Amino acid sequence: MKIRIKFAKYGTMKFIGHLDMMRFFQKAIRRAGIDIKYSEGFSPHQIMSFAAPLGVGIESCGEYMDIEVLSMTSTQDIKDALNRVMVDGVEVLSVTVLPEQAKNAMASVAAASYRLQMKEGAFPIDHLEDKVKAFYGEESIPYTKETKKSVVEVDLKQGIYEIGVDSDGAIMMLVNASSSGNIKPTVVFEKLCQFVNLEIPQLSYQVTRLETYTDIAKAGEEHVFIPLADVG
Amino acid sequence: MRKLALNDDILMQVEKPARYIGNEVNSVIKDKTQVAVRFAMCFPDVYEIGMSHLGIQIIYSMLNEWEDVWCERVYSPWVDLDKIMREKHIPLFGLESQEPVKDMDFLGITIQYEMCYTNILQVLDLAQIPLLAAERGEGMPIVIGGGPCTYNPEPIADFFDLFYIGEGETQYRKLFDWYIENRAKGGTREDFLRGAAKIPGIYVPQFYEELYNEDGTVKGRRKQYDDIPDTILKEIVMDVTDAHYPLKPVVPFIKVTQDRVVLEIQRGCIRGCRFCQAGQLYRPVRERNVDKLKSYAVQMLKNTGHEEISLSSLSSSDYSHLDELLDFLIEDCSQKHTNISLPSLRIDAFSLDVMSKVQDVKKSSLTFAPEAGSQRLRDVINKGLTEEVILKGAALAFEGGWTRVKLYFMLGLPTETEEDIKGIGDLSNKIAATFFDTVPKDKRVNGKVQIVTSTSFFIPKPFTPFQWATMCTKEEFLEKAYQTKQGIMEQLNQKSIKYNWHEADVSVLEGVFARGDRKISQVILEAYKRGCIFDAWSEYFHNDVWMQCFEDCGVDIGFYTTRERPDDERFPWDFIDCGVTKEFLLREWKKAQDETVSSNCKVQCQGCGANRFGGGICYENR
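Chains as they are written, first to last, in the numbering used here: chain W, 1 to 232; chain Z, 1 to 622.
Hints in this document: simulated from the structure, not taken from any laboratory. Remember, predicted model here, so these are calculated numbers, not experimental data. There may be inaccurate statements among the hints.
Here's a subset of chain W near chain Z, in silico, CB distances under 10 Å, partners left out [what the hints assert, rightly or not]: (1) Thr12; (2) Phe15; (3) Ile16; (4) Leu19; (5) Phe24; (6) Ala28; (7) Tyr38; (8) Val56; (9) Asn83; (10) Val85; (11) Asp88; (12) Pro201.
Cβ atoms here follow ideal geometry from the backbone N, Cα and C, with glycine treated the same way.
This is chain W alone, in the form it adopts within the complex (with noise of 0.2 Å):
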């Protein structure tokens, strides 16, 4: 059976990185008692994928896991069993059942929606929605994009589906999360800031993801984002 599995990273686990979180939620899920599949071999390790990788520094409400087991009491039993066994700064929101033919959690993933704080003391940007708006309003932003292997120039614009700013004067946005077209928040700040003229150091905002969402869509068509835990 496939679960997905829904959870809050974030105060001091913001620091902990990506492969150290599968380890802790593979040491968890053995604490938490919880019947697990182990793949075959001569050394199994527990049926586990992650969806998204979240940086350094990033906190989250929108995390998911997925998980296979060989039997279970009730969704609810494995949330509570769960959070039994966290620490401060994870929490489970939610674990659900998937249908068997479910992609797993890393292959649905499209897109991803981020909140961008101002940290207390930071410097403010006037008239910030005027300007994001004007920054969505080009025609295209440019990013040149630089891996260990190649640098390719690509156009931002074509992976931010909605851009705007909260009643708090944070920044909201919806960007392609996919391994294919995957736009960090922090470069879509970095490019903001460029565009209205302004150096703001990266760690004076603290970024959120609030959710990661699958496409629905049929091939061709607009994108029809849905959050994961909403598969099945």
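Got chain W sorted already, so can you dock chain Z onto it with the hints?
Using the frame of chain W, we list chain Z on its own:
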């Protein structure tokens, strides 16, 4: 949410911020207003090393079980954070409360190897505690040293308010009760230390002066008060089965060296290898009850979620219920997808059978520690391992499918000759030849065998029969490593043998610290002031700085390393009584020179003196 001692900017700058945030599973948070004693327990090396240490987990768990005590953990900030903390004057903090160590009542530092001595000063300095005990005023934490290196505490005596000699389980309650009592009646720091000096196992170095002869050797000791002891007898837990054990060890977020459940099956070792300090310090051997161990294993795996369990002891094969314990673990662990790691096992049919059940034979390697290349020298060091046994074990292993063997030797052992060194290559070659004789051509998986031969340099340690021995110079060590390499190159099967050796200059320094006296502390302090920290990490070890410090302090390295010590010399550590008598050690030193072996404790008592503790192997039916 706890407020962290370091802000986001700093944590995002440093490597592995998880080293500094605490919050791990099974870490203990208490209300500081509800405790009487706050204790910072420190391992003076980086988090991943310190978190792997069983002793700290035992003390941490035991102290936190007491309602009126809060024990937190402290490790050496890595060099990147070290620099930032100095620049910004951020005081070193406990991982749990994230509050400054200097505001706590005690700072306990475990000292597991000599090369961490400058890190002790780093920890004190970053904590904003004066480096010298004599300069600490009221309100500063009491700085305690413990662990194997404190059996010769003199080289670091100036930095500690007190040392706890021996096993940590026994005297902390008494020490804390006295601390609370002294504070309640308005007593001073000095009052506390005076009282503490009378608690068994506690040594307060500032109350004693080391006196020297004209030639620099120790003449004697003068104590400041009549009512404090002349000798300090080590503390020991006789009932290890009912001693405290950490059933909920702290589980780190990041991968550490020992990322598994550690089950200590016994303390001490029956073998009596003459170079080995642990083998003498932890006498007599005391075994934990096997049923208790089974129950601990199950609970600890459940409480941590670890995927692996490891047995810990100096010589696991000597544990009398090993078969039963391993059978249980194999049965229990296979259901739970748990790995078993088996260090320090003697290679024989039984252990190979067990290993083939718990490891991937193709991927794992077997380890032999002959320690010396010839039977003659193995007799000198009392290592009861013969060539026949090694070759037989190797043949069995090769038949079982193993193709990788690791061999450990020491260079520079007392009485060593060129023949003995040549023996290292010869033995490595014979093991390779055994593979080709045992495994037919069509059954050789990769067609070959891999022998990795490693040598370390012998360092005489206090409380061993070799405490009288001379140590080699750096040049002699390097010459011996060169000879070993040549010896291996000459072998028929040299292509199957890879040779590794240690760096020699660190070994020389370790030799000075191991048998040093109080005069060494000024050199350590000076080296620290000139920037030496993390000396155990080769990339941060600056031998040239150290050599200059010895010269500038007027301390002669040869006095501590290469000097011949007469049988009746008074050693700096003689005032500590580890249970084993100096007469026994001298007897063993003479037997070593006669190339005579001594039986192990199970076969025949050698009268080492440890039977005075009234238990363990000394009183069991042999």
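Okay, the hints, checked on the actual structure:
1. Thr12: holds (5 Å)
2. Phe15: holds (4 Å)
3. Ile16: holds (5 Å)
4. Leu19: This hint holds: W/Leu19 lies near chain Z, its Cβ roughly 9 Å from the closest one there, short of 10 Å.
5. Phe24: holds (6 Å)
6. Ala28: holds (6 Å)
7. Tyr38: The hint holds - W/Tyr38 has a Cβ within 10 Å of chain Z, the shortest such distance being about 5 Å.
8. Val56: Holds. Min distance 7 Å.
9. Asn83: violated (13 Å)
10. Val85: Hint holds; W/Val85 Cβ to chain Z Cβ min 7 Å, cut 10 Å.
11. Asp88: holds (6 Å)
12. Pro201: At 8 Å from the nearest chain Z Cβ, W/Pro201 passes the 10 Å test, so the hint holds.
Comparing the model with each earlier hint shows a violation of hint 9 alone; every other hint is respected.
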